[in-house]
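Protein sequences, first through last, are from chains D and F. Start counting the first sequence at 1; every next residue gets the next number (my numbering). Start counting the second sequence at 1; every next residue gets the next number (my numbering).
You may find that some hints are simply not true.
What the hints assert, rightly or not - The calculated lysine to any residue pairs, modelled on SDA-like cross-linking and capped at a C-alpha distance of 25 Å, are:
#1 D:K121 <-> F:E19
#2 D:K86 <-> F:I39
#3 D:K86 <-> F:V49
#4 D:K13 <-> D:G252
#5 F:K25 <-> D:I59
#6 D:K86 <-> F:R42
#7 F:K51 <-> D:H58
#8 D:K22 <-> F:L26
#9 D:K114 <-> F:K25
#10 D:K22 <-> D:K86
#11 F:K25 <-> D:K121
#12 D:K218 <-> F:I5
#13 D:K22 <-> F:A41
#14 D:K22 <-> D:A100
#15 F:K25 <-> D:D26
#16 F:K25 <-> F:V4
#17 D:K22 <-> F:R30
#18 F:K25 <-> D:H58
#19 D:K121 <-> F:A41
#20 F:K25 <-> D:E53
#21 D:K86 <-> F:V40
#22 D:K22 <-> F:A23
#23 D:K86 <-> F:I5
#24 D:K121 <-> F:L26
#25 F:K51 <-> D:D57
#26 F:K25 <-> D:E111
#27 D:K114 <-> D:E31
#28 F:K51 <-> F:H2
#29 D:K86 <-> F:H2
#30 D:K86 <-> F:E19
#31 F:K25 <-> D:M56
#32 D:K121 <-> F:E34
#33 D:K218 <-> F:V49
Bear in mind the hints are in silico, worked out from the structure with no lab data behind them.
Spelled out, the chains give:
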Amino acid sequence: MEDALILGAITLKSRLFVGTGKYAADSLIPEVIAASGAQVVTVALRRVGMQQEGVMDHIPDTVRLLPNTSGARTAEEAVRLARLAKAAGCGDWVKIEVIADTRHLLPDGYETCKATEILAKEGFTVLPYVNPDLYVARSLISAGAACVMPLAAPIGTNRGLQTREMIGILLEELDVPVIVDAGLGRPSQACEAMEMGAAACLVNTAIASADDPVAMAKAFKLAVEAGRAAYLAGPGRVQDTTLAEASSPLTGFLQ
Amino acid sequence: MHLVINGQDQDITCTTLAELVSALKLDAQRLVAEVNGTIVARENFGQTVLKDNDRLELVHFVGGG
């Protein structure tokens, strides 16, 4: 049986989601998406004329768009942004991102739950960005979230899997896909998250800030695939001792 | 007509939302509009008549993570 990720009503082959922010030139985006193999691509919603020009000319229509609600500080604002994104006619997926703290950009679990509940009832496929907190994650699942997306490290920091142990707990306890989002800086870190059993990784800054974003997108693709393959292979036990255990037979030596 | 577009006061000659979008040289296919807090579906831009002091939000997708 093929190893697919099912989210909402969609079956995905690729377990790497990519963002479209921070590129030196948006014209790089099509090549990045192609190299990453991503089938899910995030975008943000902003007033026209205030920020960069529209990004849609650079996103192939073969990928599934995942609009985020960045800029929302409350559940109400996130719901408004989600509805606007849906009205743009790009489907009913939404990444809920409710952030009131501008210094660390940490997600507000309570507001995220409220927004998730409202939007899931309206038929959205809700992918909430959260702290790796078991109780918040459970509340999100009760509220109708299609997955949970815990942060590896603060957004845009490239600091890697700082929340490893907490994400490990989510992986152990939850029955929905856990998609590691934010903070992954190197392919090896995405690979580790996948080895642990993450369903997918979402990467933006690590690719956009690389000297060669297209090559880095490819590297993340390979890393995510390798980590997934390792997870499915069932990694061997880590010994409790630092003493060596020979791989080769300890008998039958030549005299 | 006086409108508040994305938080900015503007005086523009137009009757409908479609005319406004065209006057602002925006691509309607890429746009989502809210008039006084209510989302207007793209197919209804043409029949959405604007009135003095309407508050509009015109948004579109940009790069994001």
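Notebook entry, point to check: Within a Cα-Cα threshold of 25 Å, do F:K25 and D:K121 meet the stated pairing?
Noted result: violated (37 Å)
Checklist line | Straight-line alpha-carbon gap D:K218 to F:I5, limit 25 Å | finding: Distance of about 42 Å is beyond 25 Å: violated.
Checklist line | Pair hint outcome, F:K51 versus D:H58 [Cα-Cα no greater than 25 Å] | finding: violated (36 Å)
Next item on the list: Given the hint that D:K114 pairs with D:E31, test it: the Cα-Cα distance must not exceed 25 Å.
Entry: violated (37 Å)
Notebook entry, point to check: Does the structure keep D:K22 and F:A41 at a Cα separation of 25 Å or less?
Noted result: Answer violated: D:K22 to F:A41 is near 30 Å, above 25 Å.
Notebook entry, point to check: Is D:K22 within 25 Å of F:A23, Cα to Cα?
Noted result: Violated. D:K22 to F:A23 sits at ~30 Å, over the 25 Å cutoff.
Check: CA of F:K25 to CA of F:V4, is that 25 Å or under?
Finding: Holds, because 17 Å separates the two Cα atoms, which is no more than 25 Å.
Margin query: With the threshold set at 25 Å, check whether the alpha-carbon distance from D:K86 to F:E19 stays at or below it.
Written below: holds (23 Å)
Checklist line | Satisfaction of hint between F:V49 and D:K218, Cα-Cα up to 25 Å | finding: Violated - the C-alpha atoms of F:V49 and D:K218 are around 49 Å apart, more than 25 Å.
Note to self: For D:K22 and D:A100, compute the direct alpha-carbon distance and say whether it is at most 25 Å.
What the structure shows: holds (21 Å)
Checklist line | Hint consistency between F:K25 and D:E111 [alpha-carbon to alpha-carbon, up to 25 Å] | finding: It is violated: about 37 Å lies between the C-alpha atoms, which goes past 25 Å.
Note to self: Between the alpha carbons of D:K121 and F:L26, is the straight-line distance 25 Å or under?
What the structure shows: Distance ~33 Å between D:K121 and F:L26 Cα, so the pair is violated.
Hint compliance for this structure: hints 1, 4, 7, 9, 11, 12, 13, 22, 24, 25, 26, 27, 29 and 33 are broken, all remaining hints hold.
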